[in-house]
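Participant: Chain B: place on chain A using the hints.
Going down the list, the protein sequences come from chains A and B. For the first sequence, the working numbering begins at 1 and goes up steadily by one. For the second sequence, the working numbering begins at 1 and goes up steadily by one.
Simulated from the structure, these hints should not be mistaken for laboratory data. Glycine included, C-beta positions come from ideal geometry on N, C-alpha and C. Among these hints, one or two may not hold up.
Not close to chain B: a few residues of chain A, all C-beta gaps over 10 Å, as computed [claimed, not checked]: (1) Met7; (2) Ile16; (3) Gly23; (4) Leu27; (5) Ala41; (6) Phe80; (7) Asn81; (8) Gly83; (9) Tyr84; (10) Phe86; (11) Lys87; (12) Val112; (13) Leu134; (14) Ile138.
Sample of chain A residues at the chain B side, in silico, Cβ under 10 Å [stated by the list, open to error]: (15) Phe45; (16) Leu56; (17) Leu65; (18) Ser131; (19) Met135.
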Amino acid sequence: MIKTDKMAAADLVMGIFLIIFGGLVVLSSLNMKIYKTFLDAPGFFPFILGILFIGLGMMMISSSLRRKGYEQVKQGLKNFNPGYLFKSIQFQRVMILIILMVLYIFVLIDRVHFTLATTLYLFFTLYYLKSASLMKIIVISIATAFIISTFFTKFFQIPLP
Amino acid sequence: MLESFLHQADMFFHALAAQFYLANIIILAGATLMGIVVGAIPGLTATMALALLINLSYGMQFDLAISFLLGVYVGAIMGGCYSAIMVNIPGTPAAAATALDGFILAKRGEGGLAIGAGVIASFFGMLVSIAFLIFLTPFVYKIALKFGQWEFFLLAFFGVMICGNLSTGKDPIKGWVVGFLGFFTAMIGLDKVYAFPRFTFGLLQLKGGISLIPALIGVFGISEILIVLEQEIPYKILGKITRVIPSWKTIRSLIPTAIRSGVIGVGIGAVPGAGEDIGAWVAYDVGKRRSKQGEKYGTGCLEGVAAAETANNAVIGGAMIPLLTLAVPGSPPAAMFLAAIWLHGVRPGPMLTIENPTFLYEVAIVLLLATCFMLIWGLLVAKPMAMILKLKREILMPIILPLTVIGAYAGGVRIFDIKVTLFFGILGYVLRKLDYPMAPLVLGIILGPLADVSFRQALMQSRGSLIPLLGRPLGIVLLTAIVLIAYSGIRRTIEYSRQHSHPDSLKSIE
Chain A
1 MIKTDKMAAA DLVMGIFLII FGGLVVLSSL NMKIYKTFLD APGFFPFILG ILFIGLGMMM
61 ISSSLRRKGY EQVKQGLKNF NPGYLFKSIQ FQRVMILIIL MVLYIFVLID RVHFTLATTL
121 YLFFTLYYLK SASLMKIIVI SIATAFIIST FFTKFFQIPL P
Chain B
1 MLESFLHQAD MFFHALAAQF YLANIIILAG ATLMGIVVGA IPGLTATMAL ALLINLSYGM
61 QFDLAISFLL GVYVGAIMGG CYSAIMVNIP GTPAAAATAL DGFILAKRGE GGLAIGAGVI
121 ASFFGMLVSI AFLIFLTPFV YKIALKFGQW EFFLLAFFGV MICGNLSTGK DPIKGWVVGF
181 LGFFTAMIGL DKVYAFPRFT FGLLQLKGGI SLIPALIGVF GISEILIVLE QEIPYKILGK
241 ITRVIPSWKT IRSLIPTAIR SGVIGVGIGA VPGAGEDIGA WVAYDVGKRR SKQGEKYGTG
301 CLEGVAAAET ANNAVIGGAM IPLLTLAVPG SPPAAMFLAA IWLHGVRPGP MLTIENPTFL
361 YEVAIVLLLA TCFMLIWGLL VAKPMAMILK LKREILMPII LPLTVIGAYA GGVRIFDIKV
421 TLFFGILGYV LRKLDYPMAP LVLGIILGPL ADVSFRQALM QSRGSLIPLL GRPLGIVLLT
481 AIVLIAYSGI RRTIEYSRQH SHPDSLKSIE
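Chain A with its partners taken away, still in its complex shape:
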């Protein structure tokens, strides 16, 4: 049975990305300092990797084109509707979860106490996921953050961020 390969378009994009990335790796490795010869220079192994990325990228593009990757990309661009993407519940969930993680790690941690940062992160994440009733969420967030902090610092003497 012949199946449609939904990954063909993604593979085409990835193939192009790999060729560009490989090219940049090769260029920057050639600009690295050579101490004795290029064979033992810091840029030698990255240079080989850059070549490998370019080769693999070309193979991915070739495989994707055979699987109608180009037609899929064209079709995708023709029907592209950002609104549709943002309406997807799955996409929304992942984006919001990532944003909450970014806020927790980049904004809260190192600025406020770990226990407070964790309480806030858990509260907003559990609330967004509708994991339990509001009261339960408050209790779970505070209790978990407190237990984790105490457990690691008091029992295992592990530093917290």
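Facilitator: Only chain B this time, still in chain A's reference frame:
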């Protein structure tokens, strides 16, 4: 020969005596139980169990840390069978093959027996793999001591190539791409030979390179949180668990399957990065074709459960062989274990047999004790496990993030490592959605420095010539293997693209 055997036996008993003390036994019992519970929860893999619990080992004495980590590892691989059988969602990918027969048995009201058979099969698998670990590793050490720069470079390359080939079902190129991305990640930071900064973009924090544990925690921990939480998949636990321990006759009938699957598991485990899930699938497939009951596989057959469960646990001992002898992990959880013992100052590899000759036996004994605890706990907790499986994943998964944050931070006490974890978590999520396997990425990060330094030094010694390689039999074997893997992988990719190049596939796009 006899002298060598007596010397090995002496070290074995020396290690045995060293492991029998109360704190160690308590830690092992607790760690194995923890591993079983974490492994049983759908979405929490064995690698994630180690990633989450690695932080608890930081403050432990080295011996206790080893016991703790191996206990978690052994328990988590077995624990995956509970949810595979009871809710048809494998707790770990290693238990995916278990679900095929296990869930059908559970629907028939024989879930308890399926769990019992799974636990006992896991026990057999561990025994087989520990036997191989003890008897095979000294020989591999002897071979590993002959490794020079060329062999180490080719071994690192071989590891990434074979792992990429095995971990992707249809398109090995994807496995190689992430493997070489792992190599690239390992290049970030100061060069190991001249301390020249590579790909640091002027960032001071990147000069120290990407720390292994934060990257692993991100790839296996955070990406898993996102994968599990991206959609709601409610699941229901089937009925009550009644009888768990199978009859002696049933156990006896499973022994040939257990031996066959155990050997397969050890073999797969010894292949760099291949992992428990591949071991279980291969053993299940071989069992289906070779066993007298083969046609019953997939219809609710205890032998199917036993084949998969024996093999996935047998992979653990197999994965330890390349890890201890060559510092090449045989599976993703073994990679976590390697990262953890590096942190405690132990450098596995050919020199370990000289620097710490009893370490192999200590690992084997700890695995043996963990196996015994796994059997006891496994049979005891089968009934209460239904309660644990009722835990809502929407509550559990967000709680895991602070634990991963602590795990990433505690090793180096750097906030930057937490950011690295998040970056690798998101990268891992995107790559997994695009069908890229994670095992080669991890293997690439681990083996990258070895490949880089060995290759450059080998070329310097030979003044840029490849001819000295022709005089090295081990090097030629590895090089031939790499060429064959590349050839078979490229052929598979071409076949795969041919299968999907039919005009019908375009119609279905439109």
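Participant: A separate judgement is required for each hint: does it hold in the structure or not?
Facilitator: Here's how the hints hold up against the structure:
1. Met7: 6 Å, violated
2. Ile16: Holds, since 13 Å exceeds 10 Å.
3. Gly23: 14 Å, holds
4. Leu27: 12 Å, holds
5. Ala41: The claim breaks: Ala41/A does not keep its Cβ more than 10 Å from every Cβ of chain B (closest is about 8 Å).
6. Phe80: 14 Å, holds
7. Asn81: 17 Å, holds
8. Gly83: Non-interface label on Gly83/A holds, nearest chain B Cβ at 20 Å vs cutoff 10 Å.
9. Tyr84: 17 Å, holds
10. Phe86: Holds, since 15 Å exceeds 10 Å.
11. Lys87: Lys87/A is indeed farther than 10 Å from all Cβ atoms of chain B, at 15 Å.
12. Val112: 13 Å, holds
13. Leu134: 14 Å, holds
14. Ile138: 13 Å, holds
15. Phe45: 4 Å, holds
16. Leu56: Given a least distance of 5 Å, the restraint on Leu56/A holds.
17. Leu65: 8 Å, holds
18. Ser131: Since the shortest Cβ distance to chain B is 4 Å, the answer is holds.
19. Met135: 14 Å, violated
Checked against the numbered hints given earlier, the structure breaks hints 1, 5 and 19 and satisfies all the rest.
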